[in-house]
Amino acid sequence: MHLAAAAEIFPPQLSWTWTDTQGLLLFLCVLLLVKYVGSLPSRTLPPGPLPLPVIGNMLSISVKDPFDSLCQLIDRYGSVSRIDVGPVRCVVLSGIKNFKEAFLEKAETFAERPSYPLNQRLCKGLGLISSNGHIWKQQRRFALSTLKYFGVGKKTLENSILQESHFLSDAFHAKQGFLFDPHYLVNNAVANMICTLVFGHRFEYGDIHFHQMLKCSEEIFKVPATFWGRLYNQYPAIMDFLPGGHQLAFSSLDKIKKFIGEEVKRHKDDRNPSDPRDYIDCYLHEIEKQKDEGAGFTEENLLYCVVDLFGAGTETTSNSLRWAILYMAKYPEIQEKVQTEIDQMIGQNRQPSMDDRARMHFTNAVIHEVQRFGNIVPIAPPRMSNRDTTISGYKVPKGMMVVPVLKYILRDKDEYATPDKFNPEHFLDENGNFLKKENFIPFSIGKRMCPGEQLARMELFLFFTSMLQRFTFRVPEGEDPSLESLIGITCGPKPFKIYAVSRI
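Each residue of the sequence shown is one higher than the one before, starting from 1 at the first, in the numbering used here.
It is possible that part of the hints are untrue.
[Stated by the list, open to error] Ranges between beta-carbon positions, derived for each pair:
#, residue 1, residue 2, range
1, 270, 209, 17 to 27 angstroms
2, 420, 88, 22 to 32 angstroms
3, 215, 420, 28 to 38 angstroms
4, 501, 97, 40 to 50 angstroms
5, 54, 331, 45 to 55 angstroms
6, 420, 290, 45 to 55 angstroms
7, 269, 208, 16 to 26 angstroms
8, 331, 175, 16 to 26 angstroms
9, 333, 397, 49 to 59 angstroms
10, 176, 333, 15 to 25 angstroms
11, 235, 501, 16 to 26 angstroms
12, 181, 262, 24 to 34 angstroms
Everything labelled a hint here was simulated from the structure, so no lab data went into it. Owing to the predicted nature of the structure, the values given are computational and were not obtained by experimental measurement. No residue lacks a Cβ here, since even glycine has one placed at the ideal position from N, Cα and C.
Between the sequences and the hints, there should be enough to build the whole structure, so can you do that?
Set out below in structure tokens:
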């Protein structure tokens, strides 16, 4: 065949040169650059650090203490700031003025929880903490009314707390002369108050199975704030197959749901619908009579609601009381002043009462300072805007996650003379009377504020005064206890040991 004719039929192969490779790489780089520049935050959004491609500002968030990283962000960029956690753009919110604007004035706009992988795996959009819309409103309404029915805020529950404080005192007495960690004794005592309301009975302090459930609850409430939790939110498909703290939280949730499921089964077998004993009885009755299918009253949701009540109702108050014990042991002069006030106002011959609180200014100030300085809930659970809006003049688009930082508010340098020190004088006026602070919001504010606030306030005062009435807490001679905290949704002190010396 003639070469020219062959060339027409079989054209020469296209040759690829280094210049072509450079051109393709340059083209891809331009595409990526255009995409990156297009994803950069608008100037109308809150100020914040420049995000990196893919990972955003994740390198700016400390693995050891993510809450401190957010406080540093607020220091630099202001109380309405922005941070990109991977591809998710968030508003970091602090300052009492901003909280009021977002969660009171624009309460309906910021009433919803965002959906992210870890939350979906743990909660499935059910329960009291992570549900949204009509289901959340109905579940919260039911929980508040039911807890009130069984005594929250009333004298009947006060008596139950005082009875439990007596059991706790007996447990402390059994440790006389021994150095011990009060963690699980205090945890058990506080959990028993929730168990009384939800299950209709308490658990003995020596119940190993119940201790395992308390440990499981801790693991669940710890994981969202850990490195494992953040990794899971970025790479859920991969992390599902990898070991780590997230897997421990998932298995802990399964164990708690099984534990609660057994309680529900017992209630179904022996309940009297006309005479409910506790939250579970009332919920089972609500399932039967509820005609609103969208309200979410199902046995599955019952499990998740009880998980939330059990966990949130135990972790916050238990951590507060353990901080209180640690502070009293570390600052014996403050402990002595509390005991002097208890001896004057209550004495040794009767138990404390909620009626005593109004007269016990120093004790009340110490409890508030424990909550402030202990920083038990440094960040409230995230919210999400359900429409385009603004906070403090900055644009917050629909669907944007809002991270409410309580830690920064409770360490406000303009509000507290020594914000980084334990100082009950923060809550006392010049005459030694208790001073209420507008920005003291450890339970947050608005529609999503902690539904157990009343119960927690009763427990803190009655357990704390009962303990200090009967015991003096001490650390070993020459030891200076650490005030470092464990990181989680709720932050308690690192394990410590004390002596509980009887005052009676």
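field: Violations among the numbered hints, reported as their numbers in ascending order
entry: 11
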